[in-house]
Amino acid sequence: MGAVSVRNLCLNFGEVEVLKNLNLDIEEGEFLVLLGSSGCGKSTLLNCIAGLLDITDGQIFIKGRNVTWEQPKDRGIGMVFQSYALYPQMTVEGNLAFGLKNARVPKDEIARRVARAAEILHIEPLLKRKPAQLSGGQRQRVAIGRALVRDVDVFLFDEPLSNLDAKLRAELRVEIKRLHQQLENTTMIYVTHDQIEAMTLADRIAIMRSGAIQQLADPATIYNKPVNKYVAGFIGSPSINFIDGQLEIGSDPVFRAGETKISLARYQFSGNGPKPGAVTFGIRPEHIFIEKAASDQPFQAEVDVEVIEPMGADTLVWSRFNGSELRFRVDGQHPVKKGDRVMVGFDPARASVFDAQTEMRL
Amino acid sequence: MASTAIDYAGAPAEPLPQELAGPRGARPRRLLSRRNIFLYGTLTVVAIYYLLPLYVMVVTSLKGMPEIRVGNIFAPPLEITFEPWVKAWSSACTGLNCDGLSRGFWNSVRITVPSVILSIAIASINGYALANWRFKGANTFFTILIVGAFIPYQVMLYPIVIILREMGIYGTLTGLVLVHTVFGMPILTLLFRNYFASVPEELFKAARVDGAGFWGIYFKIMLPMSLPIFVVAIILQVTGIWNDFLFGVVYTKPDVYPMTVQLNNIVNATQGVKEYNVNMAATIITGLVPLIVYFASGKLFVRGIAAGAVKG
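Those protein sequence lines, which keep their order, are chains A and B.
In case it helps, the numbering used here puts the first sequence at residues 1 to 362.
In case it helps, the numbering used here puts the second sequence at residues 363 to 674.
The hints are simulated quantities; they were obtained by calculation from the structure and are not laboratory data.
Treat each hint with caution, since some may be false.
Part of the chain A face toward chain B, derived, beta carbon under 10 Å [what the hints assert, rightly or not]:
id : residue
1  : Val67
2  : Trp69
3  : Gln71
4  : Val80
5  : Ser83
6  : Tyr87
7  : Phe98
8  : Gly99
9  : Ala103
10 : Lys107
11 : Ile110
12 : Ile308
Listing some non-contacts, in silico: residues in chain B with all C-beta distances to chain A over 12 Å [unchecked claim]:
id : residue
13 : Phe444
14 : Ser464
15 : Val561
16 : Leu565
17 : Arg570
18 : Val571
19 : Gly575
20 : Ile579
21 : Ile583
22 : Lys615
Glycine included, each C-beta is placed from N, C-alpha and C at the ideal position.
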C-alpha cells in the first residue's frame, strides 16, 4: 500500500453525487496532480483526504493507517490553500508556530523547526511581519512553510498558485518542484486546473471529470496517449484538432473523412485492435508541420490560412480541413498571412483515434 | 489628428492647432452652485430641527425656576445655575426615596454591564458555531432564532413574569439581566453569524489542519479578527439595555428600578410644582451614557456594520 490510498470513496451532498466510488493509490515520495475543470470534484477529493469533509462511504489510508475517521490534525498532513489562509493577527513566526503550539511541541523544538522552514523558503527576514505586510508570493511561501514545520509525510496543495500573477506563478512552480526534490519521501498531492502546472510538476496526473478519475498516468502518457476524447481535449494548449470520419479496415486500417484517406498502418491500436465504424481523429497542433518539413511526413494536405495569432515565439494558424477546424503552430519567424495556401503534413502514428460513440481511445 | 494628440514616449508633445485647444484637466467646480446650495441648505435645516430640542433642554436645565416662568424657552440663561443638575442627581424624589437619579444610575449600571457581557459572550459563540461548525439541525435552530426576533415583546411579558416567579428571581436584578440576555440573543446571533460567515472558510480549515479545536479556533483565530463586530454588538446592547423602560418597569421593584423608570417617575410626578429645570437635567443625565458610547465609537460602529454586511 502506498503513502496515500483512497478506497471506493463516495461523497454525496444531499442528492448530488460529488465523488463516485473513487479509487486512488499514491506512492511514497510521489508528486500527484489532480487536474480538472472547476466543479469536477478535485478540491473536494483533497478536502476528503485532509479530513475537512466527512465522506459518505469508502476508506482513506495514509501511510498504511486507516484515517477515515481521524481529525485533520491526526492524519499527518500539511495543507496549503489558494487564498493562503494565513492568520491575519499573527506574525509570520506565529503563523508557522501555531500548529506546533497546538500539538504542545517543546519551545526549543518549535524554534528549531521554524528556523529550518524559514531557511528552506527564504522567508527569514519576514518572520516578525504580519501577513498584511507581505506580497502574494511571500504569503504563499509562508503558507507552504506552515505545512513544512509540521514535519508531515503528505503535503496537500489546493490550487496554491492560482491567486498569483503569471510571473510569480512560474517562479513558485519551480520552487515547489525544488522543494519536492529536496524533501525526500514526501508525498505531494496538488490540485490545479492549470495544465501547465500539472505537466511540469507531476510524476503522475489524475484527470478528473464529474467526480470520477478519467485517466491516471504520467504526463507523457496523458499527453501522447489520452485515454478518451475528454482528456485529449483538456490537455494541450492550443487544444487538439478533432476530425470526424470513418474507420475502414482493408489491408491496413484507414481513416476516411470525405474524400481524404489517412493510413493508420503504423498507429498503435489499444486493446482489441481496430474495428470499423464512426471515429474521431485527433491530431495535436504541435504535431503538424508545414511546407518543407511537411513533405517528410507520411500524410500531407493543402489548407487555406483563415486566421493567424502571432505569439512571438511561434504563430498559431487557424485553417479548415475537410470541414473541421485545423489549428497548427508555425515558427514565429515564418511568414504566413491570411489567405495563404500552405502544405501541411503529420504522422498519423502520433495521432489519437477515438470511438465516436463511447469517445474511448481505439 | 491622432498624430498630433498623442505624446509618444520621449518625444515632446507638439503644440496643438487652435481648433483642438478646448477644455483640459480637472473640471472646474463652483462653490456656490445650485446643487451645493440645495445640499447644504437641506442639511443645515435638518440639523437644526434635530438639535433644537437638545438646545432647549440644556438651556432650561441651567436656568432657575423664576427665569423659566418668564416663558422664553429659546433664550439663553441670564444666571447660570447648576442647582437643578445637583438636585436631579442626588435629591429629587421618586415615590418614597429622595436620593435622586443616582440610585437608578447605579441600578442601570448593575443591569447593563452583566447583560451586555453575558449576551455578547453567548451570542458570539452561537454565531461562530452556526457559521463555521455546520452541525445537524443548524439551519432549523437558526430559523427558530430569527423567528424569535420578530415576535412582539408584549406577547411574552406575562409568561416571563410567571417563569421568573417560579425561578424565584422575579423583581430582582438577576431576573432582569436574564431577560435582557435572552432578548438580545436573536439579533446578536444573527449579527455574529453573518460576520463569521464572511471570514474565509479556508482560514477555518487551515486552523483545523493546524490542530486547533472548537475553542482554540474561537479564541485564537476568530476573536482577534472580529473587534469591529464586537464593538457594534456592545453599542447595540449598551444603548438598548440602558434605554429599556418596558422590561425595567415590569420585572423589577422600586428599589432596583433602572434609571429610565426612575426618570419617568421624576418627570411624570403629579404632585407639587413641575420643576422643568430638574426634569431637563435628569433627562440629559440619563441619556448621557448612550451618547458617550456613540461619540466614542462611532467610527468603529460604521466599520463593523459594513464589515458584517459586505463579504470580504
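To see whether the hints hold, each was checked on the structure:
| no. | hint | in the structure |
| --- | --- | --- |
| 1 | Val67 | violated (13 Å) |
| 2 | Trp69 | violated (15 Å) |
| 3 | Gln71 | holds (8 Å) |
| 4 | Val80 | holds (9 Å) |
| 5 | Ser83 | holds (5 Å) |
| 6 | Tyr87 | holds (6 Å) |
| 7 | Phe98 | holds (5 Å) |
| 8 | Gly99 | holds (3 Å) |
| 9 | Ala103 | holds (5 Å) |
| 10 | Lys107 | violated (17 Å) |
| 11 | Ile110 | violated (13 Å) |
| 12 | Ile308 | violated (26 Å) |
| 13 | Phe444 | holds (47 Å) |
| 14 | Ser464 | holds (41 Å) |
| 15 | Val561 | violated (10 Å) |
| 16 | Leu565 | violated (5 Å) |
| 17 | Arg570 | violated (5 Å) |
| 18 | Val571 | violated (5 Å) |
| 19 | Gly575 | violated (8 Å) |
| 20 | Ile579 | violated (10 Å) |
| 21 | Ile583 | violated (6 Å) |
| 22 | Lys615 | holds (46 Å) |
Checked against the numbered hints given earlier, this structure breaks hints 1, 2, 10, 11, 12, 15, 16, 17, 18, 19, 20 and 21; the rest are met.
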